[in-house]
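Novice: Numbering-wise (the numbering used here), the sequence shown opens with residue 2 and increments by one.
The hints are simulated quantities; they were obtained by calculation from the structure and are not laboratory data.
Heads up, some of the hints might be wrong.
Beta-carbon label-pair distances, calculated as ranges [stated by the list, open to error]:
#: 1; residue 1: ARG238; residue 2: LEU97; range: 29 to 35 Å
#: 2; residue 1: PHE234; residue 2: ASP58; range: 33 to 39 Å
#: 3; residue 1: ALA187; residue 2: TYR211; range: 38 to 44 Å
#: 4; residue 1: ARG238; residue 2: TYR210; range: 42 to 48 Å
#: 5; residue 1: LEU122; residue 2: ALA72; range: 37 to 43 Å
#: 6; residue 1: VAL138; residue 2: MET233; range: 28 to 34 Å
#: 7; residue 1: THR235; residue 2: TRP215; range: 17 to 23 Å
#: 8; residue 1: ASP212; residue 2: ASP239; range: 44 to 50 Å
#: 9; residue 1: ASP124; residue 2: TYR210; range: 19 to 25 Å
#: 10; residue 1: ARG238; residue 2: LYS128; range: 48 to 54 Å
#: 11; residue 1: VAL219; residue 2: HIS190; range: 19 to 25 Å
The beta-carbon is built from N, C-alpha and C at its ideal position, and this holds for glycine as well.
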Amino acid sequence: MNRFDIVQRAEGDEESAGLLSSINTKQNSAESNIYQQMTAEAVGTLFLTAVIAMGADALGIGSILAVMIFALGHVSGAHLNPAVTLAVFIRGKIGLLRGLLYMVAQIAGAFLGALVPMLVLDDIGEKVSYPKVHADVSVGIALLVEAVFTFALATVVLNVATTKAQAGNSFFGLAIGLTVTAAAKAAGHISGGAFNPAVGLALPIFREYYDDIWVYAVGPLAGGALAGALFMFTAKRDEF
């Protein structure tokens, strides 16, 4: 079973009159319901955001993402990123309603993840870290960087965590975390290195920085959508 089967099987019988009741139906006692899945998405995104807010380097960011994926992947798939959820939706492993609920949970988790470090850091005279486009970089380049590296992230997720060929592997969290580590190391000084709309919106808002904030929504979502489209084009037919 791959990491996203638990969010796929409950969706085949959704009808317009009973979406939430259908989405909450457990197929067996081993599967989590939508409320548990949303909680997992919120908690995982909270810790990811908190680590970024407290000024962790690229390795720290990739590490917290990897461990949260290992910890929560069996509950929700541990997307922890609206752009990843969009890619998984295009790939066909999550339905529209569930995907939107995941995004709500991720954004809520990101805002909570920004709040806690803000209270702690203010007490010691420091400020929350947040993604910001470098002063010498154009908005267009920042947008491209966010899209390209989120595309890389979502492509890795789709191929290590949603395919039959990789089902049951033990390296999925590490592969995803290392992708973010490499992306943050390579491009953090250019675009700010969010690669995640939830993080890219929550942290600047808490710092009252609104210049070019849309870059962190549009760029990653475009990258996630492109990754989903590429997967649909390149995957073997027996993956569907």
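Novice: Could you tell me whether the CB distance from THR235 to TRP215 stays inside 17 to 23 Å?
Specialist: For THR235 and TRP215 the Cβ distance comes to about 30 Å; the hint is violated.
Novice: Is the distance from the Cβ of ARG238 to the Cβ of TYR210 consistent with 42 to 48 Å?
Specialist: Holds, at about 46 Å.
Novice: Indicate whether the distance between the beta carbons of ASP124 and TYR210 respects the range 19 to 25 Å.
Specialist: holds, 21 Å
Novice: Assuming the hint says 19 to 25 Å, is it satisfied by the Cβ distance from VAL219 to HIS190 or not?
Specialist: holds, 20 Å
Novice: Just to be sure I understand the hint, the distance between the Cβ atoms of PHE234 and ASP58 should be within 33 to 39 Å; is that true here?
Specialist: Distance hint for PHE234, ASP58 holds at roughly 35 Å.
Novice: Could you tell me whether the CB distance from ARG238 to LEU97 stays inside 29 to 35 Å?
Specialist: At 24 Å between Cβs, range violated.
Novice: Just to be sure I understand the hint, the distance between the Cβ atoms of LEU122 and ALA72 should be within 37 to 43 Å; is that true here?
Specialist: violated, 25 Å
Novice: Holds or violated: the 28 to 34 Å window for the beta-carbon distance between VAL138 and MET233?
Specialist: holds, 32 Å
Novice: Could you check the hint for me, namely that ARG238 and LYS128 are 48 to 54 Å apart, CB to CB?
Specialist: At 51 Å between Cβs, range holds.
Novice: Just to be sure I understand the hint, the distance between the Cβ atoms of ALA187 and TYR211 should be within 38 to 44 Å; is that true here?
Specialist: With Cβ atoms ~26 Å apart, the hint is violated.
Novice: Just tell me: holds or violated, for the beta carbon distance of ASP212 and ASP239 against 44 to 50 Å?
Specialist: holds, 47 Å
Checked against the numbered hints above, the structure violates hints 1, 3, 5, 7; every other hint is satisfied.
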